[in-house]
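Line by line, the protein sequences are chains W and X.
Residues in the first sequence are numbered from 0 upward in steps of one, following numbering that gives the first Met the number 0.
Residues in the second sequence are numbered from 0 upward in steps of one, following numbering that gives the first Met the number 0.
Since the hints were made in silico from the structure, they are not lab data.
This structure is a prediction, so every number in the text was calculated from the model and none was measured.
Examples of chain W residues toward chain X, derived with CB under 10 angstroms:
1. D9
2. T77
3. G83
4. T140
5. V166
6. G195
Derived coverage of chain X by chain W (criterion: at least 3 residues anywhere in the stretch with Cβ under 8 angstroms from a Cβ of chain W; other residues may be distant):
7. 7 to 19
8. 77 to 88
9. 155 to 165
10. 196 to 205
C-beta atoms are modelled at their ideal positions from N, C-alpha and C, and glycine is treated no differently.
There are 2 protein chains.
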Amino acid sequence: MTPQHHLPADIERTSLSIITAELAELGLTPPPETAPVVKRVIHTTADFDYAKNLRFTPGAVAAGVAALRAGTPIVTDTNMALAGITKPGLKKLGSSALCYMAEPEVAAAAKAAGTTRAVASMHRAVAEHPGAILAVGNAPTALLTIAELIEAGLRPALVIGVPVGFVNVVESKERLFAVCETYGVPAIAAMGRKGGSNVAAAICNALVYSAAEMLDPTARGWK
Amino acid sequence: MTPQHHLPADIERTSLSIITAELAELGLTPPPETAPVVKRVIHTTADFDYAKNLRFTPGAVAAGVAALRAGTPIVTDTNMALAGITKPGLKKLGSSALCYMAEPEVAAAAKAAGTTRAVASMHRAVAEHPGAILAVGNAPTALLTIAELIEAGLRPALVIGVPVGFVNVVESKERLFAVCETYGVPAIAAMGRKGGSNVAAAICNALVYSAAEMLDPTARGWK
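Isolated chain W, as found in the complex (with noise of 0.2 angstroms):
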């Protein structure tokens, strides 16, 4: 069997098929609203766990969708996740999307904190932008803190929880959604030891596709 060269967009398609097939042969068919996340997810990962891993509090996808629609900045914890991101996706919805893990003032200020990078990132980056979505997906220390400052008044417009390990993710995952559930702040974490950097931009860019699918009924969309 000699493998053919295929069109991008056509691949895609019968991904899809294939994803949403193999779904319903499990009984794992998600609903309408968390369909585009969970495919776009296995998508990236060939891995079914996800539809049973990821949780979404009430209304999060129309969340997101309605945040970016708006505008609203993505700030990933990783420069990984964010070069994962689609950017002429986030062009046409006039959405950014940003990462300051590299930027030396958060290397100074972790020292000076004595606390890591990735948490010296998310203080910064709820200081510049309080109502942005949040995706983390390496950093659990990056989550803990989103879950301190949620109880501490914060307001994301999303929280994307998604972070992979061994050490302390299962448990951040449980206390971002908790405190997420508390507070309403809209959040889709993988719970569980799995996600990554690559599930996190994964997700962003179901949400962006949808976004830009309202506005362009002909761009492509994972339903």
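Position chain X relative to chain W; hints supplied.
Same frame as chain W, but now just chain X:
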């Protein structure tokens, strides 16, 4: 239970112990040569499937480490993989990482040739750096292009073939691995559907840290 803020180096050490112990429980302890790569990919994904999915040509890890110590550059197929590769680690080795996907010349060449940017960027990569480490985490077409070029005489230092997905991905990795075996080109691939830019970056980082550890025995290594 209140999660605590820990230092990144401590978290990494504890994570490694957990991964090593769980691999042993599963009867999947990797051989010493490939262990740093297998463990770092599991660290990046929290997915123990990679202990079964990752395949190595004999001596592939040693070939990658030797190439990095000689300053051989890494060329990736996405800016996301590029963003995930440790720049301080590469600097210690006098090596570098680069990606041609976003270059206007690559988009123009793809359009002129009626092919994908992924294919055009790989042609550009091997024209500039024929002996590079080629790391493909996204595009099966890039991997098929590399297989064709190896058949035509190209000899990269190492091919990392870990695209993710549902269409042409499984076949592209099988073809790449078979071609590399036939022509004696070192290869590391994630067989099956799973992989991604994060996995490509994790494999590169495992090689970079192993190479750096040889130069500085106090540096962190994942034996």
